[in-house]
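**Q** Here is what each chain is made of, one letter per residue.
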Amino acid sequence: DQQVKQNSPSLSVQEGRISILNCDYTNSMFDYFLWYKKYPAEGPTFLISISSIKDKNEDGRFTVFLNKSAKHLSLHIVPSQPGDSAVYFCAASAAGGATNKLIFGTGTLLAVQP
Amino acid sequence: DSGVTQTPKHLITATGQRVTLRCSPRSGDLSVYWYQQSLDQGLQFLIHYYNGEERAKGNILERFSAQQFPDLHSELNLSSLELGDSALYFCASSLFGTFMNTEAFFGQGTRLTVV
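Chains A and B, in that order, give the protein sequences. Taking the numbering used here, the leading residue of the first sequence gets 25, the next gets one more, and so forth. Taking the numbering used here, the leading residue of the second sequence gets -5, the next gets one more, and so forth.
Okay, chain B solo, but in the shape it has when bound:
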């Protein structure tokens, strides 16, 4: 158990809909990262929050947004869903804002299926 909790584990929704994925980081971790793993692809970095502030953006679509709340949990909002958004979405947390000296701990992921 990495200590990072993601809910829900599975989500099936229709095209055009909006969903919210939730992540609770490990106790004490200030950074939350979101990654997307589509079929036959590596984990693609989406966005990074550190202590409530956005720190970096990766390949995140404009239809997607995220935030980190004062209690440090984070939500990833996906809207106007398309079939191609079907993927495994991982959240990771780390104590600091960089991977240089610490490793990140990943949650089990949320498998999103858009039908």
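Same shape as in the complex, but just chain A:
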């Protein structure tokens, strides 16, 4: 059962335009969400996160939006640059408890065309 879903395996965007990557989750206990970026032959690197007490978090060109009622989050990249071309993973975590782990989505490959 995939608790974190990224339904778009790939996305192609023109340089300078907005990239919107989507992520859906099913577990209402998730209260912390992260986006990771992964280049080929490298490990994932942390990009941006959001707590469930917020509905938006912005860091430069990257903004994450959280819609708790819809169990949906999205990552906006504006403006998109060719260097943003990578696989983006959405991840979620539940508070406390004995399990400290991230549940990852399957990733979306973003290609930014010059």
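Accuracy of the hints is not assured; some may be wrong.
Said to hold, decoys possible - DSSO-like mimics (lysine-lysine), calculated; alpha carbons at most 30 Å apart, straight line:
hint, chain 1, residue 1, chain 2, residue 2
1, A, Lys78, A, Lys95
2, B, Lys3, B, Lys51
3, A, Lys29, B, Lys51
4, A, Lys29, A, Lys95
5, A, Lys92, A, Lys29
6, A, Lys78, A, Lys29
7, A, Lys95, B, Lys3
8, A, Lys80, A, Lys29
9, B, Lys51, A, Lys92
10, A, Lys92, A, Lys78
11, A, Lys80, A, Lys95
12, A, Lys78, B, Lys3
Said to hold, decoys possible - Chain B stretches covered by chain A per the calculated footprint, using a threshold of three residues with CB under 8 Å from any CB of chain A:
hint, region
13, 28 to 41
14, 100 to 109
Calculated from the structure, these hints are not laboratory results. The beta carbon of each residue, even a glycine, is placed where N, CA and C say it ideally should be.
Following the hints, complete the assembly by docking chain B onto the known chain A.
**A** Positioned in the frame of chain A, the structure of chain B alone reads:
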């Protein structure tokens, strides 16, 4: 460079064999996490160690085991290997035992190919 070191980077072995993957966390980090990324799948959490103690288990097969040593490095042991074990294995580390307030730092991964 995330500061997390994984060795080896690539490993090719035959079915039925046993391999050991090694991870050195960032200096000062107490938690080590192991993840498996198979083809067309997201990262699957395997196991988490915090300061030498197992904290959480995910989808880790009984043929797999791990440990974290006093110097905080960790090893993931995979035995009786099957073709389906071919995957990218990532190690991540974080200062604390939870992702709530800190992000994890991932190593480059070990690509295991079972032939």
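**Q** All the hints need checking, so say for each whether the structure fits it.
**A** The hints, checked one at a time:
no.	hint	in the structure
1	A:Lys78 with A:Lys95	13 Å, holds
2	B:Lys3 with B:Lys51	24 Å, holds
3	A:Lys29 with B:Lys51	21 Å, holds
4	A:Lys29 with A:Lys95	11 Å, holds
5	A:Lys92 with A:Lys29	15 Å, holds
6	A:Lys78 with A:Lys29	21 Å, holds
7	A:Lys95 with B:Lys3	37 Å, violated
8	A:Lys80 with A:Lys29	20 Å, holds
9	B:Lys51 with A:Lys92	27 Å, holds
10	A:Lys92 with A:Lys78	9 Å, holds
11	A:Lys80 with A:Lys95	14 Å, holds
12	A:Lys78 with B:Lys3	39 Å, violated
13	28 to 41	holds (count 7)
14	100 to 109	holds (count 4)
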